[in-house]
Amino acid sequence: MIRSRIMKAGVPIVALLLLLTGSQMAQAGVTKDAASKYLKNVQKGNPDFKSVGKITFGPSGLLVVADPAKATVTVIDTHDLGPLKKLEKKIPKIDVAVAASMGVEPSQIQITDMAVNSQSGKVYLSVRRKTDGQSAILVIDAQGKVKNFDLSEVDFVQVGLPGGKNSKIRNITGVALASDRLLAAAQSNAEFVNKIYSIPLPITHGTSADIYSAETYHVAHRKWETRAPIQSFVPYTNKGKNYIVGAFACTPIAKFPLDELQSGSKVKGTSVVELGSGNRPLDMLTYESDGKEWLLTNTFRFHWKRNMYGPSKWWGVRVNMDYLEAEDVNEDAVRRNVKKKSGPDGIEIVDQLAGAVHIDKLDKKEIVVLRDNDGHLDLEISQLP
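Letter by letter, the sequence shown follows residues -28 to -1, 1 to 357 in mature numbering (1 follows the signal peptide of the UniProt record, and there is no 0).
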């Protein structure tokens, strides 16, 4: 169970009303109403996490938390609605402050994931202490101050991820709050290891997610696979149809249709781009630039010195979203030119992601980057390419 060591970060409602101007109150009211549309049967108390894995933010300050040990996904209403205060400057060696807040040295923590609240600008980290397996959610403000996110009395809903018949969940590799549903990707110990979960809105506490087994054509391996897990993904809607766009190790990007599926069914992914073998995608987001929509992902390169894409084993690439509608797919999917910085057209290595261990979108033009710096981690804002 995660320990709560400081007072809850949320502002009391009386103080909030005194501080807000009339227009700000109206905006906060709209935001609160919007949050209520996402959650049903909200609980107040401690979510009682056994672990904290992947995290992400939805609208209205809603924090989505994966708990692989309990095979659950929890949505917390943080009431962190702003005002927006971005990081004032680069925070070098933020891992030292993070470790200190958990009472250990930097080498004794694992930062599992990072999520940015675009309404307040605060950065949330899911952190595991290696010495005893203790997990925590930490919050970093604009000045770089690190605080524990108190879980003792939060508003939340929690849903279970079924493993399927005679199987159980081993890991939750991604979570996302889409416009009409909550999505999760996970691994199980079944024959079809790769699982996709869908929970319709409003997310109701105590319910169980619909489950799909996923099969994907692995371009580099030249075969259909059921055991390769989705490493990162984003929701995607095109021409009124809903998809998951996910990336796998070694590294195909594929899309999975979500509409008109029954729980328990199998879904085939369509591989549209191969980024090059020997890579593991970490985070994924979409954005618009120069009239085009792009898919951006930071990636960890296995044996990176054998085929260097830049100065670090962590690197990044962007892909034009037009490739999601490509006619040449699966064994004929386009392959990134691993000998050059860009190519084919619409696939480019991104210099801003050199050393990027975690990224998340702040606004339409900026991302927050947790970047490797000679074994330590720096936190900074970077422009989207």
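Read the hints as simulated data drawn from the structure, not as lab findings. All figures in this text were calculated on a predicted structure; none of them were measured in a lab. Backbone N, C-alpha and C fix where the C-beta goes; we use that ideal spot for every residue, glycine too. Heads up, some of the hints might be wrong.
Claimed, not checked - With beta-carbon atoms standing in for the labels, derived distance ranges:
(1) P172 <-> K311: 24 to 34 Å
(2) A114 <-> K336: 17 to 27 Å
(3) G105 <-> E125: 18 to 28 Å
As the list claims (entries may be wrong) - Pairs of lysine-lysine, DSSO-like flavour, derived with a Cα cap of 27 Å:
(4) K58 <-> K336
(5) K238 <-> K213
(6) K285 <-> K57
(7) K336 <-> K62
(8) K65 <-> K213
(9) K213 <-> K119
(10) K311 <-> K336
(11) K240 <-> K337
(12) K240 <-> K57
Against the structure, the hints come out as follows:
1. P172 <-> K311: 24 to 34 Å: violated, 45 Å
2. A114 <-> K336: 17 to 27 Å: Roughly 19 Å apart at Cβ, these two residues keep to the hinted range, so it holds.
3. G105 <-> E125: 18 to 28 Å: Distance hint for G105, E125 holds at roughly 24 Å.
4. K58 <-> K336: With a Cα-Cα distance of about 14 Å, the restraint between K58 and K336 holds, given a limit of 27 Å.
5. K238 <-> K213: holds, 18 Å
6. K285 <-> K57: violated, 31 Å
7. K336 <-> K62: holds, 20 Å
8. K65 <-> K213: Distance ~43 Å between K65 and K213 Cα, so the pair is violated.
9. K213 <-> K119: violated, 41 Å
10. K311 <-> K336: With Cα atoms ~31 Å apart, K311 and K336 exceed 27 Å; violated.
11. K240 <-> K337: violated, 34 Å
12. K240 <-> K57: violated, 42 Å
When the structure is compared with the earlier hints, violations turn up for hints 1, 6, 8, 9, 10, 11, 12 and for no others.
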